[in-house]
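**Student:** Sequence:
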Amino acid sequence: MPSYSDMPFVPIVTEPLQKILLDAIWIHAASDRNKIAFMNAEDNSVCMTYRDLYLHAQSVCAFLEKRHFRHGDIACVVLSNCWQYAAFFLGVSMNGGAISGASYRFTDCMCLPSCFLSSMTYIT
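Numbering follows our numbering, in which position 7 of the sequence shown is assigned residue number 102; successive positions increment by one, without gaps.
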């Protein structure tokens, strides 16, 4: 017997996720040039604005496009938990790619097999 939720239906998304995110980032950047998107928890003076996040995502997109990164390619990213991950994710998504992540604490012996199993295209 099927059960039905009392919650309203979730609308079907008609735009790509990266477009929705970039539009939201652009709106925040346009409303206030210095609006903070990310802040370092240990040092409040180190922060990233929405404007800079948008520009970095565009830069990653242009960098990958210049190197013939295409739709369906997989980029392996080895980063700690930092704001650069968001810019890299958006830049790869704008090119139609996907990310396979690895911990920066991995040794070469641990990192390389996971990268090759994912058929990654670039390591950054």
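FYI, nobody ran anything at the bench for these hints, they're computed from the structure. Small disclaimer: the values here were computed from a predicted structure and weren't measured. Among these hints, one or two may not hold up.
To be verified - List time: in silico SDA-like cross-link candidates among lysine to any residue, alpha-carbon distance up to 25 Å:
no.	residue 1	residue 2
1	161	130
2	114	131
3	130	195
4	114	100
5	114	140
6	114	195
7	130	165
8	161	115
9	130	171
10	130	154
11	161	150
**Student:** Quickly compare the C-alpha distance for residue 161 and residue 150 to 25 Å and report which way the hint goes.
**Tutor:** holds (16 Å)
**Student:** Is it true that the CA of residue 130 sits at most 25 Å from the CA of residue 171?
**Tutor:** violated (30 Å)
**Student:** Within 25 Å, alpha carbon to alpha carbon, are residue 161 and residue 115?
**Tutor:** At roughly 24 Å apart (the allowed maximum being 25 Å), residue 115 and residue 161 satisfy the hint.
**Student:** Sort out whether residue 131 lies within 25 Å of residue 114, counting only the CA atoms.
**Tutor:** holds (20 Å)
**Student:** Take a quick look at whether residue 114 and residue 140 sit within 25 Å of each other, Cα to Cα.
**Tutor:** violated (30 Å)
**Student:** If you draw a straight line from the CA of residue 130 to the CA of residue 154, is it 25 Å or shorter?
**Tutor:** holds (20 Å)
**Student:** CA of residue 130 to CA of residue 195, is that 25 Å or under?
**Tutor:** Not satisfied, since the Cα-Cα distance of roughly 30 Å exceeds 25 Å.
**Student:** For the pair supplied as a hint, residue 130 and residue 165, is the alpha-carbon distance within the 25 Å limit?
**Tutor:** Not satisfied, since the Cα-Cα distance of roughly 32 Å exceeds 25 Å.
**Student:** Below or equal to 25 Å on CA atoms is what counts here, so check residue 114 against residue 195.
**Tutor:** Holds - the C-alpha atoms of residue 195 and residue 114 are around 20 Å apart, at most 25 Å.
**Student:** Against the 25 Å threshold, does the CA-CA distance of residue 161 and residue 130 hold or violate the hint?
**Tutor:** violated (30 Å)
**Student:** Could you grab the alpha-carbon distance between residue 114 and residue 100 and see if it respects the 25 Å cut-off?
**Tutor:** violated (30 Å)
Against the hints set out earlier in the document, violations occur for numbers 1, 3, 4, 5, 7 and 9.
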